[in-house]
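S.K.: Given chain A's structure and the hints, the job is docking chain B onto it.
Protein chains: 2
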Amino acid sequence: MPTEQTMRQAMQAYIDLFNVSDSAGIAELYAEDATVEDPVGTELKAGKPAIAAFYKMAVATGAKLKLAAPIRASHGNSAAMAFEVELNMPEGRAVIRVIDVMTFNDAGKFTSMRAYWGKEDMVVLS
Amino acid sequence: MPTEQTMRQAMQAYIDLFNVSDSAGIAELYAEDATVEDPVGTELKAGKPAIAAFYKMAVATGAKLKLAAPIRASHGNSAAMAFEVELNMPEGRAVIRVIDVMTFNDAGKFTSMRAYWGKEDMVVLS
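Taken in order, these protein sequences are the chains called A and B.
Numbering (the numbering used here) for the first sequence: 1 to 126.
Numbering (the numbering used here) for the second sequence: 1 to 126.
It should be emphasised that the hints constitute simulated quantities derived from the structure, not laboratory data.
You may find that some hints are simply not true.
Pairs involving identical chains hold if they fit within one copy or between any two copies, as the list cannot separate such chains.
No more than 27 Å apart at the CA atoms, straight line, and that leaves these computed lysine-lysine pairs for DSS-like [as the list claims (entries may be wrong)]:
1. Lys119 x Lys109
2. Lys119 x Lys66
3. Lys56 x Lys119
4. Lys66 x Lys56
Just chain A, same shape as in the assembly (with noise of 0.2 Å):
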């Protein structure tokens, strides 16, 4: 089971890497048999294949991420994070609230993530 450090670590790296756009980066936290629900209540991206491409696509629209709170790591195999995506929408600057939640394999790759936001998450700024 990886530590809490290990964990925190790599939460911490795929908000860095998200922000200068290293998409293929990310894909190498995961695991190669991970998954990725987000929004939670939506389709799998199962595979690294689907992963790397989802992230592609997302760092392509030039969206930061900022952390709300500090990182927090479970006894178990588990991380979460709250955090805002800020970006350019057609009506302005606009933010989105988001928790991320994490699995871990005994390496400390990603096995799922689900990111949990809604429609009244969203809040254009201006």
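M.R.: Same frame as chain A, now just chain B:
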């Protein structure tokens, strides 16, 4: 499926009821066959009597909950919130940084709660 607003209101009620030490009120937010895993990686408390007993003990500590960021509610039947537990420990005033994830039934009751926090999320302030 409950609306985002219904889920957000139940999450806020959880915080508010905790902060007035109304453990019975918190238990009423749960479905009869709900489960609580706090922290994630430990044994489940299953069913309303076990859950009510857990919160009776929790509010008796005098701990208070404070949201760290706005509550998130997903497109699915789930919501998540980052908060701090403020409590007095033998070592002094402390906070535990937690993210709770709840799932809901159609009636808007919690069917599960999972609390993401670990040893390193506990910080002694003084």
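S.K.: Each of the hints needs a verdict: does it hold here or not?
M.R.: Going down the list of hints, with the structure as the test:
For a Cα distance limit of 27 Å, the shortest separation of Lys119 from Lys109 across copies, 21 Å, qualifies, whereas the shortest one inside one copy, 29 Å, does not. For a Cα distance limit of 27 Å, the shortest separation of Lys119 from Lys66 qualifies both inside one copy, at 19 Å, and across copies, at 24 Å. Proximity of Lys56 and Lys119 under a CA criterion of 27 Å is satisfied intra-copy only: 23 Å inside one chain copy versus 35 Å between copies. In this homomeric assembly, Lys66 and Lys56 come within 27 Å of each other (Cα to Cα) only inside a single copy, at 19 Å, whereas the closest approach across copies is 36 Å.
In the structure shown, no violation is registered for any of the earlier numbered hints.
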